[in-house]
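Asks: Sequence:
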Amino acid sequence: MRTALINNKAGTALLPKQSILHHITGLTWDGLVDLTAKTYKKGDQWKCFKRVAESRGSKIQELVESGKLPYHQDGLELYKIFYSLWESVVPATDADVSNDPAIQDWWNRLKQYTESPDLPGGKLFSRETLLDTLATFCLHVTGGHQHVGSIAEHIETPLHGGFRMPHNAVQVDKQSYLGGSLLLAMTSLPVPSLQSKFAHYWKDEEEAAIWQKFQDDLIGLSERIDDRNQSRQYAFQSFNPAIVECSVSV
Numbered sequence: 140m141r142t143a144l145i146n147n148k149a150g151t152a153l154l155p156k157q158s159i160l161h162h163i164t165g166l167t168w169d170g171l172v173d174l175t176a177k178t179y180k181k182g183d184q185w186k187c188f189k190r191v192a193e194s195r196g197s198k199i200q201e202l203v204e205s206g207k208l209p210y211h212q213d214g215l216e217l218y219k220i221f222y223s224l225w226e227s228v229v230p231a232t233d234a235d236v237s238n239d240p241a242i243q244d245w246w247n248r249l250k251q252y253t254e255s256p257d258l259p260g261g262k263l264f265s266r267e268t269l270l271d272t273l274a275t276f277c278l279h280v281t282g283g284h285q286h287v288g289s290i291a292e293h294i295e296t297p298l299h300g301g302f303r304m305p306h307n308a309v310q311v312d313k314q315s316y317l318g319g320s321l322l323l324a325m326t327s328l329p330v331p332s333l334q335s336k337f338a339h340y341w342k343d344e345e346e347a348a349i350w351q352k353f354q355d356d357l358i359g360l361s362e363r364i365d366d367r368n369q370s371r372q373y374a375f376q377s378f379n380p381a382i383v384e385c386s387v388s389v
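Under the numbering used here, the first residue of the sequence shown carries the number 140, and numbering increases by one thereafter.
These aren't lab readings, by the way, just hints derived from the structure by calculation.
Be aware that a few hints might be false.
Stated by the list, open to error - So the derived label-pair ranges between C-beta atoms look like this: (1) 267 to 182: 31 to 39 Å; (2) 309 to 351: 49 to 57 Å; (3) 347 to 310: 28 to 36 Å; (4) 198 to 386: 30 to 38 Å.
Said to hold, decoys possible - When the alpha-carbon atoms are kept at most 30 Å apart in a straight line, the in silico DSSO-like pairs for lysine-lysine are as follows: (5) 181 to 262; (6) 313 to 177; (7) 186 to 207; (8) 156 to 189; (9) 262 to 186; (10) 207 to 177; (11) 181 to 207; (12) 352 to 189.
We put the CB at the ideal spot given by N, CA and C, even for glycine.
Working from the sequences, and respecting the hints, build out all of it.
Replies: Following this line, the structure appears as structure tokens:
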């Protein structure tokens, strides 16, 4: 819920009429609103991450399984680590989930942000759905933000690319380039690394042990990604826990 709330509040800063995002794109205001509604309210970010590749068909799934789509190969492993973390935390059965008023309140508030069919309406009865949703949200607010931020290297000069380009132009116009740079600067302030101990958060040894296992899993994934990048044509770091942060600084 807090992830959705943060993104929603970020949207109020980025999306108003005459805002930075409005000025740097080539879209009309109505076009920007329509695009946002289609992506944010109904986009794939609401779909359980492990089902995104599956929904693309068998050919895409074959590429994932053969290691030719690093986004999904590495992302699925980070997703599974988050899933395992939440398995150690949330109530143990479907009945526990459906009878927990705090979970049900969270679920109902979450549904206010989306029209996606990937989040079932009404009461939440499934522990697996809860775990899938939590793990997917964690993935998006860590590795997902890291991946989006990688656009910086593609727009670092007006000659590389940008949010809009006039007809027959060979570079991005000045307003769009400067606005895009400002937008990236707003989200570039450092926030805590995902590989942080946060020792002052845990009230007992059991909680500390759960977090330590999570950290050990992250270290293992980072080592595997480093190994894979040795043989990849281009290194892919978006889901490498060694560089991923906990959130985005909007």
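Asks: Quick check: which numbered hints come out false for this structure?
Replies: 1, 3 and 8
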